[in-house]
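S.K.: One letter stands for each residue in the lines below.
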Amino acid sequence: MSTDTLSALAKTIRSKNAGVNKITFDIIFRDRENYERVKRSRVLTRASVAALYRIPPERISDFVEYDPAYAIKFTIYRLTPSGSAGDGDIFGAQQYAPLLDLAVPA
Amino acid sequence: MQTLRIICPNGHLGFAPLRTESFQLGVSAAPDYIAADSGSDDVGPVPLGSDTSTSPLAWQRHDLEQMLLASRKLGVPMIIGSAGDTGSNSRVDLYVAIIRELAAQHGLKKFRLGWFYSEVDKAYLRRRMQAGEIVQGLDGYADLVESELDATDRIVAMAGVHPYVELLRRGADVIIGGRSSDAALFAAAALHHGFPADTAYYLGKVLECASFCAEPYGGKETVLGVVSHDDVKVTAMLPAQRCTVASVAGHAMYERSNPYEELFAGGRLEMTECRYEQVDERTTRVTGSRFVPSPRIRVKLEGSGKVGERFVGMCGIRDPYTIAHVDEVIDWARTQVRARFGDGGYELHYKVYGRDGVMGDLEPLRDRPGHELFILVQGVAPTREMAEELTLTGVRQMFYARLPDVKGTAGSVSFPLDEVLPASAAYRWTLNHTLAVDDGLELFPLHTADVGP
Numbered sequence: 001m002s003t004d005t006l007s008a009l010a011k012t013i014r015s016k017n018a019g020v021n022k023i024t025f026d027i028i029f030r031d032r033e034n035y036e037r038v039k040r041s042r043v044l045t046r047a048s049v050a051a052l053y054r055i056p057p058e059r060i061s062d063f064v065e066y067d068p069a070y071a072i073k074f075t076i077y078r079l080t081p082s083g084s085a086g087d088g089d090i091f092g093a094q095q096y097a098p099l100l101d102l103a104v105p106a
Numbered sequence: 001m002q003t004l005r006i007i008c009p010n011g012h013l014g015f016a017p018l019r020t021e022s023f024q025l026g027v028s029a030a031p032d033y034i035a036a037d038s039g040s041d042d043v044g045p046v047p048l049g050s051d052t053s054t055s056p057l058a059w060q061r062h063d064l065e066q067m068l069l070a071s072r073k074l075g076v077p078m079i080i081g082s083a084g085d086t087g088s089n090s091r092v093d094l095y096v097a098i099i100r101e102l103a104a105q106h107g108l109k110k111f112r113l114g115w116f117y118s119e120v121d122k123a124y125l126r127r128r129m130q131a132g133e134i135v136q137g138l139d140g141y142a143d144l145v146e147s148e149l150d151a152t153d154r155i156v157a158m159a160g161v162h163p164y165v166e167l168l169r170r171g172a173d174v175i176i177g178g179r180s181s182d183a184a185l186f187a188a189a190a191l192h193h194g195f196p197a198d199t200a201y202y203l204g205k206v207l208e209c210a211s212f213c214a215e216p217y218g219g220k221e222t223v224l225g226v227v228s229h230d231d232v233k234v235t236a237m238l239p240a241q242r243c244t245v246a247s248v249a250g251h252a253m254y255e256r257s258n259p260y261e262e263l264f265a266g267g268r269l270e271m272t273e274c275r276y277e278q279v280d281e282r283t284t285r286v287t288g289s290r291f292v293p294s295p296r297i298r299v300k301l302e303g304s305g306k307v308g309e310r311f312v313g314m315c316g317i318r319d320p321y322t323i324a325h326v327d328e329v330i331d332w333a334r335t336q337v338r339a340r341f342g343d344g345g346y347e348l349h350y351k352v353y354g355r356d357g358v359m360g361d362l363e364p365l366r367d368r369p370g371h372e373l374f375i376l377v378q379g380v381a382p383t384r385e386m387a388e389e390l391t392l393t394g395v396r397q398m399f400y401a402r403l404p405d406v407k408g409t410a411g412s413v414s415f416p417l418d419e420v421l422p423a424s425a426a427y428r429w430t431l432n433h434t435l436a437v438d439d440g441l442e443l444f445p446l447h448t449a450d451v452g453p
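Here the protein sequences come in this chain order: H and R.
Here my numbering is used: the first residue of the first sequence is 1, the next is one more, and so on.
Here my numbering is used: the first residue of the second sequence is 1, the next is one more, and so on.
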């Protein structure tokens with residue numbers, strides 16, 4: 001196996017509000033094999049996600065590997081609650097793009 | 001009763017119309033209840049603060065009509081939660097009025113309508129706080145202080161199962177609820193018929209967003225949930241959709257930071273031990289969910305407060321040197337705004353699309369802007385007059401920005417419109433808190449009335 005992008009391995013990569021002050025990110029795989037491969041790779045960890053989004057690790061409220069759905073999910077605090085004047089994404093639905101091209105080693 | 005069957009046609013009634021093909025298939029599947037929630041805090045603080053709906057009346061009416069006619073034809077109850085996006089009192093009254101109109105229009109036989117309100121009086125909350133009650137902040141919010149309460153225009157409390165169970169006990173055939181936990185309206189029906197909380201709450205959890213628990217993706221399609229004393233089965237009604245182990249397990253984490261538990265007024269649903277099995281092509285069975293009651297009921301409060309009147313303006317940039325120095329262009333305009341309006345008493349926001357307009361501080365590619373930029377300016381001020389002039393100054397002065405080495409000296413930006421436009425007033429979420437109550441009905445006044453001849 002060669003290096004693949006996260007978007008080639010995952011079925012779903014999405015972001016969405018979790019309440020008014022957090023955005024939650026879900027990376028869902030179709031099968032256990034790809035899920036375990038990404039888990040093993042350590043491409044997605046609290047530290048890597050904080051680095052990718054250039055935020056301090058304490059802005060990540062939760063980081064969960066959720067076996068029943070073959071999913072990795074993490075949640076970050078917003079700087080201001082959703083829908084405040086100046087918020088560019090009231091639903092938090094367009095914050096996942098930087099995850100798509102993450103390189104996952106074989 | 002061995003099982004109870006509930007269909008849900010829409011995860012946010014009114015936000016987009018339900019799809020009638022799968023709804024009619026659901027109606028043919030002999031449900032015991034038809035239920036949907038109509039609210040969400042996803043829509044931001046403006047609807048709650050300004051006491052409006054973000055959903056058009058025509059779509060709200062469409063779904064209520066479909067559900068009411070099916071409910072009355074089958075003779076099974078219909079339950080709607082979080083009326084009109086926010087669940088405020090005016091939204092409950094609106095839905096109650098629509099139900100009465102539809103009943104008259106279609107000549108429906110007599111039925112009992114039940115409804116409850118969710119708004120929390122600021123004076124009541126202030127008394128509780130002054131008596132020493134801590135209104136606890138959620139998700140990074142500090143505990144409530146009186147100045148934040150002062151800044152709040154409207155508060156709704158999020159109902160759990162209690163008002164729904166009580167209205168069903170009083171014989172309601174159609175229920176219109178104020179703000180509610182989505183899952184509570186489904187769970188309440190199951191609890192009313194004696195099913196255990198362990199499966200009742202999971203039934204609500206899986207049905208609350210309708211077809212979001214099915215695949216392939218497709219919103220506003222009906223799903224059927226069947227609860228028993230030891231399991232929940234969920235089936236997609238649209239022939240092209242399936243409820244799979246992956247789609248059902250995946251739904252548990254949707255819009256939640258923790259996929260293993262969910263909090264309600266009165267307890268929490270634990271999903272750590274859930275087991276998922278495919279029982280036929282379109283049905284998944286779930287066992288092992290558990291409801292853990294809390295010693296005291298804490299009700300979630302949502303509050304919205306007005307920040308000011310708002311105008312928006314927009315402009316574009318194509319010159320590469322100006323794009324590279326766009327922050328200086330914005331600084332120039334801000335300086336002119338400060339010269340006119342001072343340092344405070346207003347908000348001025350610049351969104352630079354083509355650079356970081358969508359993601360803001362989270363954007364990793366902030367230093368690689370595109371070959372053209374679009375800039376959205378929002379000005380917020382105490383009066384409309386000031387908001388308009390503020391925003392116009394903030395946009396138009398970008399045209400006059402002085403950059404030392406720019407070649408184009410006739411204007412630094414392009415205008416698609418040489419004007420600013422009125423927008424909704426700006427609000428913010430002031431309350432995202434919980435309040436302890438002795439009784440799950442305490443904040444939710446109940447009403448019933450017979451409708452029709």
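Be aware that a few hints might be false.
What the hints assert, rightly or not - Keeping only pairs whose Cα atoms sit at most 30 Å apart, straight-line, the calculated DSSO-like set for lysine-lysine is:
no.: 1; chain 1: R; residue 1: Lys351; chain 2: R; residue 2: Lys306
no.: 2; chain 1: R; residue 1: Lys351; chain 2: R; residue 2: Lys122
no.: 3; chain 1: H; residue 1: Lys39; chain 2: H; residue 2: Lys11
no.: 4; chain 1: H; residue 1: Lys16; chain 2: R; residue 2: Lys407
no.: 5; chain 1: R; residue 1: Lys73; chain 2: H; residue 2: Lys16
To be verified - Stretch by stretch, here's where chain R covers chain H in the computed footprint (C-beta under 8 Å, at least three residues):
no.: 6; segment: 21-28
no.: 7; segment: 53-59
no.: 8; segment: 63-74
no.: 9; segment: 87-97
For the record, the hints were derived by calculation from the structure and aren't laboratory data.
From a predicted model like this one, the values you see are computed outputs, not experimental measurements.
All C-beta atoms, glycine included, are put in the ideal place defined by N, C-alpha and C.
S.K.: With reference to the structure, classify each hint as holding or not holding.
M.R.: A quick look at each hint next to the structure:
1. R:Lys351 x R:Lys306: The given pair, whose Cα atoms are some 21 Å apart, holds under the 30 Å limit.
2. R:Lys351 x R:Lys122: violated, 35 Å
3. H:Lys39 x H:Lys11: With Cα atoms ~15 Å apart, lysine 39 (chain H) and lysine 11 (chain H) stay inside 30 Å; holds.
4. H:Lys16 x R:Lys407: Given pair lysine 16 (chain H), lysine 407 (chain R) is violated - Cα atoms ~43 Å apart, limit 30 Å.
5. R:Lys73 x H:Lys16: violated, 38 Å
6. 21-28: The restraint on the segment 21-28 of chain H holds, since 5 of its residues have a Cβ under 8 Å from chain R and three suffice.
7. 53-59: holds (count 3)
8. 63-74: It holds, with 7 qualifying residues against the three required.
9. 87-97: It holds, with 8 qualifying residues against the three required.
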